[in-house]
Amino acid sequence: MTTEAPRSSLVRNALVALTILGAAGTALVYVCEGPARFWANWLVWTLFLLTVGLGNLFLVALERLVGAHWSVPMRRVPERIASLIPLAIPLLIIAFFGVPVLFPWTHAEVAHNPILVAKAPWLNLPFFAIRLAACALVWLLFYSFYVRGSLRQDQSKDAAFTVKARKLAPLFMVVFFFSVTIVAFDWISGLEPEWYSDMFGVYLFAGTFLSGIAGMALGVLGLIRRGRLPDVKPKHFYNLGTLGLAFTVFYAYIGFAQYMLIWYANLPEEVVWFKHRIEGAWYPVAMLLPLFHFLLPFFLLIGAVGKKNPKILRIAMVSILFAHFVDLYWLVFPVLGAQPLFGWPELAMACLFLGLGLLQIRRAMGRGADMPVGDPLLAKGLEWQL
Amino acid sequence: MSSTTTTATFAVLGLYSDAQKIVDAAKQIRPRKLGRLEAYTPYPVHGLDKAVGLPPSPLGKLVLGMGLLGTILALLLEWWTSAVDYPLVVGGKALFSWQAFVPVMFEVTVLFATFTAGLAMLFAFNKLPFFGHPVLHSKAIKGITRDKLALSIESTGATFDPEVARQALIENGAESVEIVPIPAWDRPLSLVGLLRTIAAIAAACLVAGAGLFAAEKMIPVVPPMLHMHNQPKLNAFRSSTFFADGRGMRPAVAGTVARGHLPPAFATPEEAGTMLANPLPLTQKTAERGRKVFNDHCAVCHGTVGDGVALLSHAYGAKPGNLLSNEMRARPDGYIYGVLMLGKNAMPSYAPDLDEADRWAAVHYVRVLQRSQNAKDEDLR
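Protein chains in written order, with numbering that gives the first Met the number 0: chain A, 0 to 385; chain B, 0 to 380.
Calculated from the structure, these hints are not laboratory results. Computed from a prediction, not measured in an experiment: that's the story for all the values here. Each hint should be verified, as a subset may be incorrect.
Stated by the list, open to error - Below, simulated SDA-like cross-link-like pairs (lysine to any residue); rule was C-alpha separation at most 25 Å, straight line:
1) A:Lys307 <-> B:Lys284
2) A:Lys234 <-> B:Lys126
3) A:Lys234 <-> B:Ser56
4) B:Lys126 <-> B:Met65
5) B:Lys49 <-> A:Leu381
6) A:Lys232 <-> B:Leu353
7) A:Lys234 <-> B:Val62
8) A:Lys166 <-> A:Asp185
9) A:Lys310 <-> A:Leu287
10) A:Lys307 <-> B:Ser56
11) A:Lys310 <-> B:Gly156
12) B:Lys284 <-> B:Thr240
Said to hold, decoys possible - Reference excerpt, derived from the structure (chain B facing chain A, CB under 8 Å, subset only):
13) His45
14) Gly46
15) Gly59
16) Leu94
17) Gln98
18) Val220
Don't be surprised by glycine CBs; every beta carbon is placed ideally from N, CA and C.
Next up, chain A with everything else stripped away, as it sits in the complex:
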């Protein structure tokens, strides 16, 4: 542990430096490149941190809901990564100031557009703010309940919390699906307010769940490599590979179903959304999605080997997480124009948000024991056989 401490503080200092550098760059972006590009980057990264955090909270609640044993020894990792939620909420509240810049439904011309006049009862700033506040509130409440409660259980060894957590899980599921759908409709689909797709909430949910799995798997593999989870074996993280495999297929299915129906019907108000995203210079960006969100992880994870081998599992999960970022970028950035913008402003803001996110996860990684030692199901989870 003596060699660990200086290395650890070195990494921490590097992350702090990265964040400060990113913050300075971010300020420059606002000054030099104007508010539109600044807010687009802000939105993409905030949604990235939020969805990874929500995906992990969802995994925690899912374990409670179905009464899984295999994931109990690893549960502290998603609980810690879920701490991205309290980080992302203030960022999302700040992003509210960017709404008039990025979202056309806030502009005065809306009064001449019959579609937007009809959508005005939903797309107006006061109601938008109320939805944001309501989502933030329930996320924080459930985060506090599941994560703080689990940490308290380390000391109290109180089995009653496990029962309570299971009973509240169905409620979380309902709230989660509604809030993710609201995020999808408000913060992404609202960028082109004439467009609509019933499937879009499910599409973002698929990305959220997948990025949650990827975050959790990378966290677990990272802790194992540092020797902090000696009792977690391949039989445990095998299931993360299985879930990742299942949900890359789910993501591809949802994404393709949405695309194919809109492509087939070819209705102008629907198809224009894809026209902005797969034509011209955006085509190669769009092609990254099937490649890294589906094909690569699918073929890496389809065999039993890929799910048990930490190296292969890590490549698949990094691919998913990368593709999730590309997905959000591909959803948001076409509002800035027909050319995909990627340059120093994107890198600078990536430094800021990645630095913030990693610092938050590092801080959370030090909290409590590395396994939920107070959970009565832990022994069963450790014994669990594939």
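Let chain A serve as the given structure and place chain B on it in line with the hints.
Relative to chain A, chain B alone:
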């Protein structure tokens, strides 16, 4: 041990009641290589596959391979049928629209994968049909299908010693041990057995078919359910009481013109000659098209060179026109077109048989024939 008993033994079964004990026993016995190790259990036991040394099943790789084959075959099928063999534009999409092909590719992938999984599992890896496993004839089988777990050391040939195997099982905590002989019948697939099986399948099909037929006849079909052939619509050429003339098929409204078949605006070929000019440019391609039309439709009477001498001339007693005559050479293109459309003397109208471009191509070809029979000096150079 005499050699007769060693060859007659199929396996030695040791019975256990505890899943952990059978796994431990398998781990102990396997390195001794007494025979092929196998386990018979009423439910799956964690770790037992590994303990008896079963290799990982190749089924997964086979399913993946066949699934991908299904994807590729479906893509080829759809590409061939909709873009190559019978190109048909649907909904204004490109002939090769991969987006529309994906659902079928997906379904065929699943179909190939599931059929491979099922059939390979049954026939390739479980070696079915397999009429009667020797263990089914053991005393232990009642326990195995209920609550006992059996570890079996199976004979691998002359070196197999049942007594050693029995000792090994007892030493490793077997509650009881049974030596299972190879049953007397060693050829389960006898001719009589095969014929009986085929007869039984045939009888089952007959009974099922007859039963369905009888049920279809006897059980009344009540309104929301209908036989698909009884639909509330008129079939072609059936009569109808709805229309006054009693015909189910409705004639076209008087004056209907089919697309691309506008009636000619002229009354005589002479009038056509003053009105129309050949809209097709005279090229190698149109001339060749005209030759095909002329040889298919015109040459039978006018002759292949257009001189009016042909096989059918005597048969009809008619005298087809000589298209090479000076009179015909002087006629305008529109006149030839008009004759083709309206007919002349014994010649009927060819309007229904040829489309617009074919007619004008034929006119070009007539001009080509005229030129060929009246070639100028410079044509020959």
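Results for each hint:
With a C-alpha separation of about 67 Å, the suggested pair Lys307 of chain A and Lys284 of chain B falls outside the 25 Å cut-off, and the hint is violated. Taking the CA atoms of Lys234 of chain A and Lys126 of chain B, the gap is near 31 Å; set against the 25 Å cutoff, the hint is violated. Between Lys234 of chain A and Ser56 of chain B the alpha-carbon distance is near 18 Å, which keeps this suggested pair within the 25 Å criterion. Using a Cα cut-off of 25 Å, the hinted pair Lys126 of chain B and Met65 of chain B holds, with the two alpha carbons roughly 20 Å apart.
Taking the CA atoms of Lys49 of chain B and Leu381 of chain A, the gap is about 20 Å. The hint holds against a cut of 25 Å. Between Lys232 of chain A and Leu353 of chain B, the direct Cα distance comes to roughly 79 Å. Violation of the 25 Å bound is thereby established for this hinted pair. Under the criterion of a C-alpha separation no larger than 25 Å, the hint pairing Lys234 of chain A with Val62 of chain B is consistent with the structure, at around 23 Å. This hinted pair does not check out: Lys166 of chain A and Asp185 of chain A have alpha carbons roughly 30 Å apart, beyond 25 Å.
Taking the CA atoms of Lys310 of chain A and Leu287 of chain A, the gap is near 22 Å; set against the 25 Å cutoff, the hint holds. With a C-alpha separation of about 17 Å, the suggested pair Lys307 of chain A and Ser56 of chain B falls inside the 25 Å cut-off, and the hint holds. As the CA atoms of Lys310 of chain A and Gly156 of chain B are separated by approximately 44 Å, the hinted pair breaks the 25 Å bound. The hinted pair formed by Lys284 of chain B and Thr240 of chain B fails the criterion: a straight-line CA distance of about 54 Å is larger than 25 Å.
A cut of 8 Å between beta carbons decides the hint on His45 of chain B: the least distance to chain A is about 4 Å, and the hint holds. A distance limit of 8 Å between C-beta atoms decides the matter here; for Gly46 of chain B the minimum to chain A is near 7 Å, and the interface restraint holds. With 8 Å as the threshold, the beta carbon of Gly59 of chain B comes within range of chain A, its nearest partner Cβ sitting at about 7 Å, so the hint holds. With 8 Å as the threshold, the beta carbon of Leu94 of chain B stays out of range of chain A, its nearest partner Cβ sitting at about 15 Å, so the hint is violated.
About 5 Å separates the beta-carbon of Gln98 of chain B from the nearest beta-carbon of chain A, less than 8 Å, and the hint is met. Among the interface hints, the one on Val220 of chain B is violated; its C-beta lies about 36 Å from the nearest C-beta in chain A, farther than the 8 Å criterion.
When the structure is compared with the earlier hints, violations turn up for hints 1, 2, 6, 8, 11, 12, 16 and 18 and for no others.
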